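If you read the sequences in order, they're chains Z and B. When you read off a place in the first sequence, starting at 1, and then add 4, the result is the number in this note's numbering. When you read off a place in the second sequence, starting at 1, and then add 4, the result is the number in this note's numbering.
Calculated from the structure, these hints are not laboratory results. The reader is advised that the hints may include incorrect statements.
Identical copies look the same in the list; a pair holds intra-copy or inter-copy alike.
[To be verified] Calculated lysine-lysine pairs in the DSSO-like style (CA-CA distance at most 30 Å, straight line): (1) K264 to K300; (2) K210 to K198; (3) K210 to K262; (4) K210 to K300; (5) K306 to K210; (6) K300 to K201; (7) K264 to K196; (8) K300 to K262; (9) K196 to K300; (10) K191 to K210; (11) K210 to K264; (12) K306 to K264; (13) K262 to K198; (14) K196 to K262; (15) K262 to K191; (16) K201 to K191.
All values reported here derive from a predicted model rather than from experimental measurement.
There are 2 protein chains.
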Amino acid sequence: MPNFTAAQLTEIAERILCRIPHTRGEDARVVAEHLTSAHLAGHDSHGIIRIPQYHQHAREGRLNAAATVEIERETPGTALLNGNWTWGQVTAKQAMDIAIEKARHHHIAAVGARQCYHVGRVGSFALLAAGRGFIARIWCNGHGIVRVAPWGGAEARLATNPVAIAVPTGGRPILVDITTSVVAEGKIRVAKNKGEKVPDGWLLDKDGAPTNDPAALYDGGTLLPFGGPVGYKGFGLGMVVDLLGGALTGAGCGVMSKEKIGNGLLVEVVDPAAFVERDVFLRRVDDYVAYLRSAKAAPGVKEILMPGEPEFRMEDQRRRDGISVDDETWRQVCETAAALGATL
Amino acid sequence: MPNFTAAQLTEIAERILCRIPHTRGEDARVVAEHLTSAHLAGHDSHGIIRIPQYHQHAREGRLNAAATVEIERETPGTALLNGNWTWGQVTAKQAMDIAIEKARHHHIAAVGARQCYHVGRVGSFALLAAGRGFIARIWCNGHGIVRVAPWGGAEARLATNPVAIAVPTGGRPILVDITTSVVAEGKIRVAKNKGEKVPDGWLLDKDGAPTNDPAALYDGGTLLPFGGPVGYKGFGLGMVVDLLGGALTGAGCGVMSKEKIGNGLLVEVVDPAAFVERDVFLRRVDDYVAYLRSAKAAPGVKEILMPGEPEFRMEDQRRRDGISVDDETWRQVCETAAALGATL
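Extracted from the complex, chain Z is given alone in its bound form (with noise of 0.2 Å):
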């Protein structure tokens, strides 16, 4: 299994994909970093493991590198971005770096996005804002596949549709990135992969009847909300990322309409000095995670973690340890390289 340090892994990723046929250096540059944060984040599932789908997808035209991010609308506080189906994660970047642009003006901003390529892990791009001193939310829908059933329904109708929330702190950021399903998509398919059941709340079959069986969901099945026996929240949650993520912007739902596969977004920011001093803010923030910090755990528990530290250790550590790829990944990568001539 290589091992690489941050650095080298982004260097490998950019290389390859500027050989995408018309993909620009800076927007490989852009792709290649995000890659990197997946893994650094413990998010493998996000990583290079991509580079052959992009290829892939680049072929079909389903991605065009070509093609630039346009604005369509704009007022001072707002702007609909059309990607035209450029990469996903260089749309993403633009919508969140205008949507901190305009809140550095005007307090409050939202941008959307539509035509927007596969983004990654959407977390990422919210701690853009966090990182500057701004609260952030991404409404990120998935089209043209569908995982999830309305609450009460036996038929996938959304995708699994995530929402990520990003607060500064003192120290890192608050980060809440999660799906509105139960789990992501990823995991039944390596349950699948491994022969393994899943546990009890997560799929329905065909037939709308509870099932552990992994396969069930290539075979007509839906992926649970989140929410247990109040699914109908998560139900909730993953509707509204549709509407706003997805009607709002007009990059469609679901499969409601023949769109291509992509991700809809609407980005959030959120200047907390519009409504108190930012370092009063920042205080606030780190004494209310103290306070939280401060409960006694529950038996089994050694240690009460805040959303996103799981992801920051993991980050320490890579950075210290490297980051391992497994071998059939690396094995795809290096193919993929050799197909499009990039020396690694």
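Chain B: place on chain Z using the hints.
This is chain B only, laid out in the frame that chain Z set:
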């Protein structure tokens, strides 16, 4: 069990409330209409049952009916209100009215409120915006009383911290109005009073062990965040409610300070017209709702309902059949009316 029309119930509530010393007539009207709307939605726990409690709190100084709402900070798209502990519904309505007015001019708005007495049913304020074609979100923390532990913890640090999100449609709005705890505290109290057990996944006892005994909540136990096995998601959202509604606004979070019991609010309004023509947006939402409803129902489910729909159906029924008030609640309300010299 007496039965009233909505207009009768509002008039009864208004007559009593305006006798609570220093209460302005227009404030009594706002609160009375709010209490009736809670009954119409089927949420009797937020209806006239609250009147004796409000009277008690006014006498104790927790509610300051003489005070008025002040704007402490303001920018074109944001404001921070100080409710000065006047009627909570008045503060919440004013926050929403200001946010709507700002969104009319600037497309997006965020208005916070602190020193805010009990606001009642949060969703009803979100509906004010949706009724005028805007998207609204309300992050409403509770402070001064806590029920929910941080994920992994066994000591309460957060209130049940609801979020309400309303989106306009061509017909009745979508309304997601949920606590970030698995259920509201009232359900535990009802089970305790009836001597019933609560379902698995609702409660931990004071040692952090799962329990079905509702009394455990009032003996150092905690209510779980929503999400079941992925309850860290509900906890993360509950934290966000505290950070936006409590820390950003200065209302306070949990029982960190010696703050009075109240609600901290962040009200956000988005004008869809910043992104797309208003009628196109409504059509997209209606098409999306029809698409969700077209899913096959799961076994035992008669019909797929949208968030907020059960409450709208209840409203239709109660407008037709009247609102019944249980005898004990009616007795308490009459007692309060007599104490205040209100004639019903």
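Status of the hints after comparison with the structure:
1. K264 to K300: between (49 Å within a copy, 24 Å between copies)
2. K210 to K198: Only inside one copy: K210 and K198 sit 22 Å apart there, 39 Å across copies, limit 30 Å.
3. K210 to K262: within (23 Å within a copy, 53 Å between copies)
4. K210 to K300: between (43 Å within a copy, 10 Å between copies)
5. K306 to K210: Between copies only: 17 Å across chains, 40 Å inside a chain, cut-off 30 Å.
6. K300 to K201: Between. Shortest inter-copy distance 25 Å satisfies the 30 Å Cα cut-off; intra-copy 34 Å does not.
7. K264 to K196: For K264 and K196, only the intra-copy Cα distance (26 Å) is at most 30 Å; the inter-copy one is 52 Å.
8. K300 to K262: So K300 and K262 pass the 30 Å test across copies only (21 Å; inside, 52 Å).
9. K196 to K300: between (38 Å within a copy, 25 Å between copies)
10. K191 to K210: Intra 19 Å, inter 33 Å, cutoff 30 Å: intra-copy only.
11. K210 to K264: within (24 Å within a copy, 51 Å between copies)
12. K306 to K264: neither (45 Å within a copy, 33 Å between copies)
13. K262 to K198: neither (33 Å within a copy, 53 Å between copies)
14. K196 to K262: within (28 Å within a copy, 52 Å between copies)
15. K262 to K191: For K262 and K191, the Cα distance is within 30 Å only inside one copy (27 Å; across copies 44 Å).
16. K201 to K191: within (11 Å within a copy, 34 Å between copies)
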